[in-house]
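Asker: Sequence:
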Amino acid sequence: MRILMTGGTGFIGKPLTAKLVSLGHRVTVITRRAPGTRETSSEGVDYFAADLYKEPVLPAELIDETDAVINLAGESLAGKRWTNKQKSRIVESRTRTTKALVEAMANAQKKPDVFLSSSAIGYYG
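Here the numbering used here runs 88 ahead of the position in the sequence shown, where the first position is 1.
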């Protein structure tokens, strides 16, 4: 299965990507950390450089090659004070990314079979 993932370099995304690859899936990670437009490793992972927070546009052609989309991207909830500005960044980091993915899926010729989106994880106490 070809899987497109945002947040694939994060806390949940890294181990999930490794697990999916170990099961024989091919994962394309959309990340702002990739050094080039596309960088391929021999481990079953492709990287597509994009910052969907700053530029919430994704080529529909990227979706055409995909069976499933997993959205794990978003501003971290930890380590920063919950000011109004920070709360706005948290919300926008999720809504802009999700909107870009949904628009790309809507414009794609071949729609993915699965769309999974997770907003945040945390613990309290």
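To be clear, the hints were calculated from the coordinates, so they are not data collected in a lab. Where a beta carbon is used, it is the ideal one built from N, C-alpha and C, also for glycine. Fair warning: there could be bad hints in the mix.
BS3-like cross-link-like pairs, simulated, lysine-lysine; straight-line CA separation at most 27 Å [as the list claims (entries may be wrong)]: (1) Lys187 <-> Lys198; (2) Lys187 <-> Lys102; (3) Lys102 <-> Lys175; (4) Lys198 <-> Lys173; (5) Lys173 <-> Lys187; (6) Lys173 <-> Lys107; (7) Lys107 <-> Lys199; (8) Lys175 <-> Lys198; (9) Lys142 <-> Lys168; (10) Lys187 <-> Lys175; (11) Lys102 <-> Lys168; (12) Lys142 <-> Lys175; (13) Lys187 <-> Lys142; (14) Lys168 <-> Lys198; (15) Lys175 <-> Lys107; (16) Lys102 <-> Lys199; (17) Lys187 <-> Lys199.
Pair ranges (Cβ atoms, derived) [as the list claims (entries may be wrong)]: (18) Glu153 <-> Lys173: 33 to 39 Å; (19) Thr171 <-> Leu204: 26 to 32 Å; (20) Leu204 <-> Gly132: 31 to 37 Å.
Asker: Regarding the pair lysine 198 and lysine 173, is the alpha-carbon distance no greater than 27 Å?
Answerer: Given that 27 Å is the threshold and the Cα spacing comes to 38 Å, the pair is violated.
Asker: Check whether the Cα positions of lysine 102 and lysine 175 lie no farther apart than 27 Å.
Answerer: Holds: lysine 102 and lysine 175 sit about 25 Å apart, inside 27 Å.
Asker: Is lysine 107 within 27 Å of lysine 199, Cα to Cα?
Answerer: It holds: about 24 Å lies between the C-alpha atoms, which stays within 27 Å.
Asker: Lysine 187 and lysine 142: Cα distance at most 27 Å?
Answerer: Holds: lysine 187 and lysine 142 sit about 13 Å apart, inside 27 Å.
Asker: Assess, step by step, whether the Cα of lysine 173 is no farther than 27 Å from the Cα of lysine 187, and give holds or violated.
Answerer: OK: lysine 173 and lysine 187 at ~21 Å, within 27 Å.
Asker: Check whether the Cα positions of lysine 102 and lysine 168 lie no farther apart than 27 Å.
Answerer: holds, 22 Å
Asker: Do glutamate 153 and lysine 173 keep their Cβ atoms within the hinted range of 33 to 39 Å?
Answerer: holds, 37 Å
Asker: Would the hint linking lysine 175 and lysine 198 be met if the CA-CA limit is 27 Å?
Answerer: Since the Cα atoms of lysine 175 and lysine 198 sit roughly 35 Å apart, the hinted pair is violated (cutoff 27 Å).
Asker: Holds or violated: lysine 187 with lysine 199, Cα cutoff 27 Å?
Answerer: Distance ~15 Å between lysine 187 and lysine 199 Cα, so the pair holds.
Asker: Has the given pair, lysine 142 with lysine 175, been kept, meaning a C-alpha gap of at most 27 Å?
Answerer: holds, 17 Å
Asker: Is 26 to 32 Å a correct range for the gap between the Cβ atoms of threonine 171 and leucine 204?
Answerer: holds, 30 Å
Asker: Below or equal to 27 Å on CA atoms is what counts here, so check lysine 187 against lysine 198.
Answerer: holds, 18 Å
Of the numbered hints stated above, those contradicted by the structure are hints 4, 6, 8, 14, 15 and 20, listed in ascending order.
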